[in-house]
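J.: All chains should be built: construct the whole structure from the sequences, respecting the hints.
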Amino acid sequence: MATIRKRNHRYQVQIRLKGHPLVTETFTRKMDAERWAAKTETEILEGRFFPKAEAARHTFREVADRYRRTVMVRKSRQTRLTEESRLVWWEERLGDYSLDMITPALITQARDELQNQGTGYQTGRRVAAADGSLSKTTVGHYLRLLTVVFNIAVQEWQWLAANPAAKVKKPPENRGVVRYLSPDEIRRLKAACRGSGNPYLLAAVMVSISTGLRRNELLTLTWEQVDLQNGRIFLHETKNKQQRGLPLRGEALDLMRQLHASRSLVSDLCFPSFQDPRKPYDIRRPFTIALKKAGIENFRWHDLRHTCASYLVMNGASLIEVAEILGHNTLQMVKRYAHLSPDHLDRIVEKMNQSLTNLD
3 MATIRKRNHR YQVQIRLKGH PLVTETFTRK MDAERWAAKT ETEILEGRFF PKAEAARHTF
63 REVADRYRRT VMVRKSRQTR LTEESRLVWW EERLGDYSLD MITPALITQA RDELQNQGTG
123 YQTGRRVAAA DGSLSKTTVG HYLRLLTVVF NIAVQEWQWL AANPAAKVKK PPENRGVVRY
183 LSPDEIRRLK AACRGSGNPY LLAAVMVSIS TGLRRNELLT LTWEQVDLQN GRIFLHETKN
243 KQQRGLPLRG EALDLMRQLH ASRSLVSDLC FPSFQDPRKP YDIRRPFTIA LKKAGIENFR
303 WHDLRHTCAS YLVMNGASLI EVAEILGHNT LQMVKRYAHL SPDHLDRIVE KMNQSLTNLD
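Residue 362, in our numbering, is where the sequence shown stops; the numbers in between run on with no holes.
In case anyone wonders, no lab produced these hints; they're calculated from the structure.
Only a predicted model underlies this, so the values are computations on that prediction, with no experimental measurement involved.
It is possible that some hints are incorrect.
List of simulated lysine-lysine pairs, DSSO-like, C-alpha gap at most 27 angstroms [claimed, not checked]:
1. 20 to 41
2. 294 to 77
3. 172 to 337
T.: Here it is, written out as structure tokens:
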């Protein structure tokens with residue numbers, strides 16, 4: 003029930019409802035007080051009222067710390083590392099602001115700085131241009147994390163009434179060009195891997211092409227996860243927190259059997275580091291050298307995963323099957339490969355139309 007009292011030429015509103023704390027506000031005009039009282043009573047009864055003082059009591063740094071303790075801690079190690087670097091960047095810009103002072107305009111200013119100047123970090127950060135600026139896709143990832151963090155602060159913690167990041171325009175996702183190896187490039191890369199003298203390189207490359215494993219999934223693989231007799235790989239913790247089983251066939255299976263025969267007995271990792279067998283091997287440098295010797299340009303390790311998906315599609319696999327093998331939760335990520343199977347789509351449409359013709 004709302005009560006309005008006039009005190010010193012101002013109107014004080016007090017709203018007392020059973021099961022809810024006392025809410026007060028002061029106005030210079032009685033009309034404004036009455037409107038606010040009616041609106042606030044309705045919001046309280048419908049569960050939509052949010053006291054402004056709550057947002058003023060918390061800073062973004064508190065939000066970030068609570069997100070780390072309660073949300074990020076449940077995610078995979080690789081996801082935690084990625085989110086942490088992005089969260090630290092936002093903390094450096096917004097950390098000392100109370101939540102009621104963080105506006106879409108403030109976030110937009112930070113977004114423009116991020117896109118034009120990059121993160122300002124050098125080590126361990128990949129930039130899209132020589133001047134340090136970031137790609138639109140990367141900027142979008144930063145903004146999407148901020149949106150998620152604020153959504154939790156709004157919906158679960160009730161520290162905010164609305165998400166200020168929701169009103170900030172996010173750059174469109176850059177679908178990019180699918181880079182995959184041609185048959186000739188695969189032959190050249192395999193020859194370079196064989197000639198490298200590296201005991202892991204050829205097996206790692208062929209398993210990646212054969213199964214579409216992410217680099218971290220491959221390098222942290224243990225022999226307990228590999229069934230060499232039946233040709234299967236079992237993933238217990240993936241990027242999407244899924245358990246996944248993959249068939250291991252052909253040359254990739256043969257190479258893993260050879261690797262197992264000469265494995266290190268002090269580590270269960272399939273690809274242990276030579277310096278510390280408890281840690282996975284860092285394969286980036288030998289892979290880069292092999293690419294150079296093979297004359298392959300504009301190619302990253304992750305493109306081996308694209309190569310797997312591309313050849314699956316070109317050999318008749320459906321997008322649903324590709325998504326299952328790669329471990330994607332939705333088809334959105336594998337739609338980029340649809341153009342690689344025009345003949346397959348032609349056959350499907352032709353078969354459908356033939357069935358319609360036979361109805362005459």
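J.: If a hint holds in the structure, say so; if it does not, say that too.
T.: Okay, the hints, checked on the actual structure:
1. 20 to 41: 17 angstroms, holds
2. 294 to 77: Cα-Cα ~36 angstroms, so violated.
3. 172 to 337: 21 angstroms, holds
Checked against the numbered hints given earlier, this structure breaks only hint 2.
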